[in-house]
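Protein chains: 4
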Amino acid sequence: MENDKYTIGIVGATGFTGSELARLLCQHENVTIKHITSETHKGKLFSDLHPQFLGILDQKLESADVIGDSELDVIFLALPHGVSMDFVKKWKHKKSKIIDLSGDFRLSSPEVYKDWYQKDHVFVEGFENAVYGQPELFAEQIKKSSLVANPGCYPTASILSLAPLFAAGLIEEGSVIIDAKSGLTGAGVKANDTTHFSNVNENFKAYGVGVHRHTVEIEEQFSILGKSNVQVQFTPHLLPIDRGILATSYAKTTRKLDQESLNSIYNDFYEGKPFVRIRKIAPAIKDVRGSHYCDIFPFWDERTGRVIAISTIDNLLKGAASQAVHNMNLILGLEEKTGLEQIPLRP
Amino acid sequence: MENDKYTIGIVGATGFTGSELARLLCQHENVTIKHITSETHKGKLFSDLHPQFLGILDQKLESADVIGDSELDVIFLALPHGVSMDFVKKWKHKKSKIIDLSGDFRLSSPEVYKDWYQKDHVFVEGFENAVYGQPELFAEQIKKSSLVANPGCYPTASILSLAPLFAAGLIEEGSVIIDAKSGLTGAGVKANDTTHFSNVNENFKAYGVGVHRHTVEIEEQFSILGKSNVQVQFTPHLLPIDRGILATSYAKTTRKLDQESLNSIYNDFYEGKPFVRIRKIAPAIKDVRGSHYCDIFPFWDERTGRVIAISTIDNLLKGAASQAVHNMNLILGLEEKTGLEQIPLRP
Amino acid sequence: MENDKYTIGIVGATGFTGSELARLLCQHENVTIKHITSETHKGKLFSDLHPQFLGILDQKLESADVIGDSELDVIFLALPHGVSMDFVKKWKHKKSKIIDLSGDFRLSSPEVYKDWYQKDHVFVEGFENAVYGQPELFAEQIKKSSLVANPGCYPTASILSLAPLFAAGLIEEGSVIIDAKSGLTGAGVKANDTTHFSNVNENFKAYGVGVHRHTVEIEEQFSILGKSNVQVQFTPHLLPIDRGILATSYAKTTRKLDQESLNSIYNDFYEGKPFVRIRKIAPAIKDVRGSHYCDIFPFWDERTGRVIAISTIDNLLKGAASQAVHNMNLILGLEEKTGLEQIPLRP
Amino acid sequence: MENDKYTIGIVGATGFTGSELARLLCQHENVTIKHITSETHKGKLFSDLHPQFLGILDQKLESADVIGDSELDVIFLALPHGVSMDFVKKWKHKKSKIIDLSGDFRLSSPEVYKDWYQKDHVFVEGFENAVYGQPELFAEQIKKSSLVANPGCYPTASILSLAPLFAAGLIEEGSVIIDAKSGLTGAGVKANDTTHFSNVNENFKAYGVGVHRHTVEIEEQFSILGKSNVQVQFTPHLLPIDRGILATSYAKTTRKLDQESLNSIYNDFYEGKPFVRIRKIAPAIKDVRGSHYCDIFPFWDERTGRVIAISTIDNLLKGAASQAVHNMNLILGLEEKTGLEQIPLRP
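In order, the protein sequence lines correspond to chains G, W, E and S. Residue numbering for the first sequence follows the UniProt record's numbering, starting at 1 and increasing by one per position. Residue numbering for the second sequence follows the UniProt record's numbering, starting at 1 and increasing by one per position. Residue numbering for the third sequence follows the UniProt record's numbering, starting at 1 and increasing by one per position. Residue numbering for the fourth sequence follows the UniProt record's numbering, starting at 1 and increasing by one per position.
It is worth saying that the hints were derived from the structure and are not from the lab. Ideal Cβ positions, reconstructed from N, Cα and C, are used throughout, including at glycine. Please note that the accuracy of each hint is not assured.
[Claimed, not checked] Quick list of in silico lysine-lysine cross-link-like pairs, PhoX-like style, CA-CA up to 20 Å:
(1) 252/W to 252/E
(2) 280/E to 44/S
(3) 252/S to 227/S
(4) 143/E to 95/E
[Unchecked claim] Computed footprint of chain S on chain G; a stretch qualifies when at least three of its residues, placed anywhere within it, have a C-beta under 8 Å from a C-beta of chain S:
(5) 169-182
(6) 198-209
(7) 221-235
(8) 244-257
(9) 284-290
Input sequences plus hints: build the corresponding full structure.
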C-alpha cells in the first residue's frame, strides 16, 4: 500500500543527478517522492524541465523550504559542492536521514576540505556523523548512519578498481597511477565553454592535471583500506559521450602475482556484492551504461610485473544516483537490490 | 509463482532486436524465457554474445530446432526478412502465438511483397491470418491473432504521425511527404560499409531515395485508415546516433484547420493510448530513447496551410522490441503496459 | 611580394565564422590580414582564443575602432545579426568593400527584415547597395558591389538545390518543401541550453518549425529566379555533428520529367561553376566537410512525379566563411578558386 | 613546370592512409602522382572509392604491377602489416625511394618482428637499410635513406611525449606508463565488429592490454634515445571519434625537477622542429586535427615528484600520411614544411 511507503524528498531537480534520482525513485516500490525542489523553477512541473517525464512524473517543483516542515524518511541533496552543507546544517535536528550527493562531507576533515575545495566548511560537526557511502566497503556503517556522503563518480570507479589489493596489503607504496576518463555529464548541466558541444564532440583532453579534487578522496579511502598513508597519481580526461567512466589503474605489488591469484583476490573480495562484476576481458563503458553495475578487469602483466585494473561505471548511476538509492536501501533496511536492477542499455 | 508464467521463446539472439527482447522479457513479470536461439552461436551463453547481460541472463543459446518440440505460449521471431517466413511455415501447426519482427507478413499480399522485397514468398497462407501489429490502431484484432506482423520502425513513427488525420478523412490526396531520420541500429548488427563508424560518425545522408520498402508498408496502412488508395513520398536518412527515429511528416488538408482543432484531433484519437504523448513543442529523440513512448507534435502552419506532424520513437523499442512485447500483452490478455514502463534515458 | 597584397580586416574573432575566415585568409596568397577585432578579448592573441592557431596566427586582437582609421581593401563582418548593420552604417563613407556574414542585408527591404528579425533596421540605405552574395547566381553583380550580404547557411544549401528548376520555370506553385538538417555549429559559439553537449549528442530534433528566418531568405531568392512570388515550407533540424548541412528538397514540376532530362538541367545550369558537383547518388555531409563544395543529387521519382533534390555543404565554409572569400575573390578580380581548394576532410 | 616535378606512386588506395596520402600529395607543389594502385578496385576511378575527391582526383586505379615498370622517385606503401614486406623485397633493385607506412620495417630485427607480429619476416636484408622515420629525431639518417619505416601512430605520440627526458638521461628505469587513446580510424577501414558504429559510439574501452605491438616499437626507440634497455607499460584505448591520438605519459625522473626546468628541456629539445608545439595547458585532440602538428604539455607534479607529459596528434596525419610526406620532403631535399601547412580543423 502507498501509505506504507517511506517518504523521500529530492532537493535540486535541475541537474542530472536530480533527474536520475527521480527516475529511479518514482519506480522504487518502497518509497514515495513527497517533494522535489528547485529554487529557480519552483511552480513549474518536473516534466516542464525534463520533458522525457511527461505523463510519468508531472509533480510540481517546490522551494526547499517545504522540506523543513516535512517529516521525510530520507532527503537526497542533489546540489553543488558548497551548497549542500548549508542544508545539512539547517536540517541537523530533523529526524530524516540525509544522503548528500555533493562532495561536502566526503573528506576526513574541514581542513582537508578547505585545501582541495578552496572554501571554508560551514558545518564542521557534520564530519563526525558522516559516513562515506561506498556500499561495497562500508555497508554496516551506512546502515546505521543518518548522514551519508555519497562518493564521487571518479572515486567510485577508482576505489573499486584497486580496493581488493589495498585491503590485502599488496600495493607497493607510491606506485598507483589512475588514468580516468569520463563522459560529459560529469561536468554538469550548466552551459559553459566546457560543455559546449563543439568543444566536446570529436574531441578528447585531460583536465585538472595534478590538482583534481577527487585525488584526495581516493587517497583517503585507499589509506583507510591499506592502513597507511597512500598517495596516488590521478588524471581525469573528458570523453565525447554522455555517460560513463572508465578508470585504468596501474599498480606495482609488494609481491609477484599471477593472473589466477589476481582473479581470486578480486572474486573473493567482491563475493556477495551483487553489483560488482569481475570480467575476464577489458570491459567497455556500454557494458554498464544505464545500470548500477561496476565491471572490473584485473590484469597481471607478467612482462612488467604490474597490475592493470580497468573498471567502468555509469557516472550518473553507480557514480551518483543509483549509489544514493543503494545507500537508501541500506539505511531503510530494504533488500539492497531494490529498484536497482536496470539492465545496461546497449546499444 | 514462476510455474504460472507464460512461456516464451526468442528466435534469433544475435541482432539488436533479439537482445532488446531479451532485456525486456527477462524482467517481464508474467513470462519466462524458455529458449533463446542462435544457429551461429548455439552452445555459448547469451551473455557471451552480449556482455552487458553477465550475471543477469546467462542462459545457453540453442538451435531453433528446440522450438519445434516445445510447447511455448509465444514465439518471437527476431530474424531477417526472408528468413522468418520459413519458420512461420514450419511451425504453422503449433499452438504457439507467433510475433514476427521481420517484414515478411506486414504487407497485404505476396505480390506486393515480391514487388518491394524482390523475393518470392514461401508461405502465402500466412497472409490470411497475419495481423498488422500496431497496438494503437488494431488492438482488438491483435488480441485474437495467432500471427502478428510487428510493424517496421519507420512505419511506426510515420503512421502514428498522421493516423488521426487519415482516420478523419482530412488528408489531401498526394500531398503527404515523410522525411524520416533513423539512428544507425536500424541498419542492423552486421558489419559492412554502411555500419562502419567512420561512415556514420559526423555524417548524415539520405538512402533508398524513392525505393525504400517501408514506403509501401506506410501507404497500405494509410490506405486502410483513409479508406482510399494513398501514395506517400517517403525518404529515410541515417543519423549518427545509436537509437531513435524522428519523422517529419508534411500534409495538405482537405479543409483549413487551426492549431487548436489540430490538437483536438490528435488528443481525441490517442485518448486512452498510454504510450502516445501529444506534445506542444517539437520533441527530441532523447525524450523517448530507451522507452516505449511515441511523442508527436502536430503543427498547423497558417502561412502555408499545411500540417507538419513530427513524431519520434526509439527504433529498437517502440519501433521493434517493446512493440512486440506490447502485442504479446494484448494476445495474452495482460494489462497492456506490463513490462513497458521504462522511463526514457536522458541524458 | 607582401606589399602588393590586398589588405583585409576581420571584425569579430570569437565566433566560428571569424576563426574560419582567419584560417582561410591567413593562407590566401593575395591578401594580408591587417586587423582582427574583438571587443571582449582585445589585447589577447588570436591563438589565445583559438589554440589550434598557436604558432600560425598569433596576431593581436584589436578593438573594431582601428578599422575606422585604416585603409583596408575588404572588411569582413563576422558579427551577430542586428550588430553588423551598426558597423555598415558607421563605415558607409569608407572605400573598403564590406562583406557582411550576418543576415542584416540579405532581405529585400527593412520591412521584411523587421517582420522576420523582430527588429528595426538602423541603416535603410544599405539595402540599395547590398548584393546577395551567392556566387553561383550573382557573380556579375557581386564583382561590382561594395556591400555583399553573404547568404545564410541553410539558404545556400536550399537555393542551390532547386535553383536550376526555378530558373527554368519548372516548379509547380506551392509545392516546395525543404527539410533541412544542420550540424551544431550553426547555432553559434555561445554556451546555452541549445549548445550543451548533452542536449545535442545522441539527439535530433526540429526547431523553428514554421517560423525560421531563413524561410523568407529562400523565398525571396526563389522568387527572383522564378520570376513569381514563391512560398516554401522550410523546416530546420539539429544534427549531432559539428559541421555540415544537408537539405532534402521536394518539388512538383509543371511538366513530367525523367532522370536524364533532370540531370541535364542541373548540369547545364551549373556548367562552369567549379564548386557545385552534380552527383549520381545521394551525397553525404562528409563528402564536402572542410571544403567549399556543394554536392547536389537531383532525383526524379517516377512513381510520385516529384523531384527530390538533395544538397550538402559545410555550413561554416560554403555556408559562411569560404563563400565570403569567394565573394572577396570576385570583388577583387581574382581567380575565383584562389584559396578555396581545400579537399574535403574525410574521414 | 609539371615536368620538373618528382614522380610518386601510392600503393594501396583503399585505406585511410592511402586516401590521406593522395589528399596531401595531389596538392604538393613538387610532386606528381603517377600511379595509385588497388588490386581490388583497379579500373575504377579513385573518386569512385572516395567520392569526396570527385572532380579533384579522378585518376584511374591500377594494379601494383605498373610500379615495377615505372621509374618513380618515391613509392609510398599504404598496405597492411605483413603485405608491405613482399613489395619491398620485390622492388629491392629499383632506384625509387620507398616509404613504408606499415610496421614491417620499424623494429630492430626479424626476431623481434616475429615475437610481436606472429609472422616470419620475408625480407631480412631490409632491416639493414631501413631508417625509422621520425623526422624530429632522425632527420639526417632519413635524408640519406632509401627505405623509410614510417612510425606507428601510437609510437609517434608516445615517443615525442618523453623523448626530451630520455635524451637527457632523466627517466627512472621502469617508471614509464603510457596511457594512450585513439580515434577509430586507427582500427582501419575494414568492416568488422570493432569498427561497427554501435560498438564505438558512446563507448570507450581498452584493448590489447599488455600485448599491443606498438609497445616494443616505443621501447626500442626509447632505448636508443636513453642508451639503455627501456621497458614501458603501454595501454591503448579506443575513442568514439574519427581522428586523433592523445597519450598521457607518466614517468619518474632520476632527479627532482620543477615546471620551469621541465619546460626548458622540452623547448630546447624541439627547438627548430616546426611541427612540435610545447603547450602551457593540456592540449585537446581538436587542436591538431587535420594537421601535421604534435602538441605536447609537459607537467611537473610537485606533489608526487612525477612528470606527466600529454601529447596529441592526428593519427592519420602526423601518425601516418603527413609524417610520410615529411619523410619524403627530407629524402628529396625539399623544404621540410612543403605541403604540410594545413591549419587544424576546429570545430
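query: Between residue 252/S and residue 227/S, is the straight-line Cα distance small enough, at 20 Å or below?
result: Cα-Cα ~17 Å, so holds.
Straight-line alpha-carbon gap residue 252/W to residue 252/E, limit 20 Å: Distance of about 14 Å is within 20 Å: holds.
- request: Check whether three or more residues of the stretch 284-290 of chain G sit with their beta carbon closer than 8 Å to a beta carbon of chain S.
  value: This one holds; 4 residues, not fewer than the three required, reach chain S with a Cβ under 8 Å.
field: Whether chain S covers the stretch 169-182 of chain G (at least 3 residues having a Cβ closer than 8 Å to its Cβ atoms)
entry: Satisfied; 4 residues make the cut.
- prompt: Are the Cα positions of residue 143/E and residue 95/E separated by 20 Å at most?
  reply: holds (15 Å)
field: Stated coverage of the stretch 221-235 of chain G by chain S [criterion: 3+ residues, CB within 8 Å]
entry: holds (count 3)
query: Are three or more residues of the stretch 244-257 of chain G within 8 Å, CB to CB, of chain S?
result: holds (count 4)
field: 8 Å C-beta test of the stretch 198-209 of chain G against chain S, three or more residues
entry: holds (count 10)
query: Does the structure keep residue 280/E and residue 44/S at a Cα separation of 20 Å or less?
result: holds (16 Å)
Hint compliance for this structure: no hint is broken.
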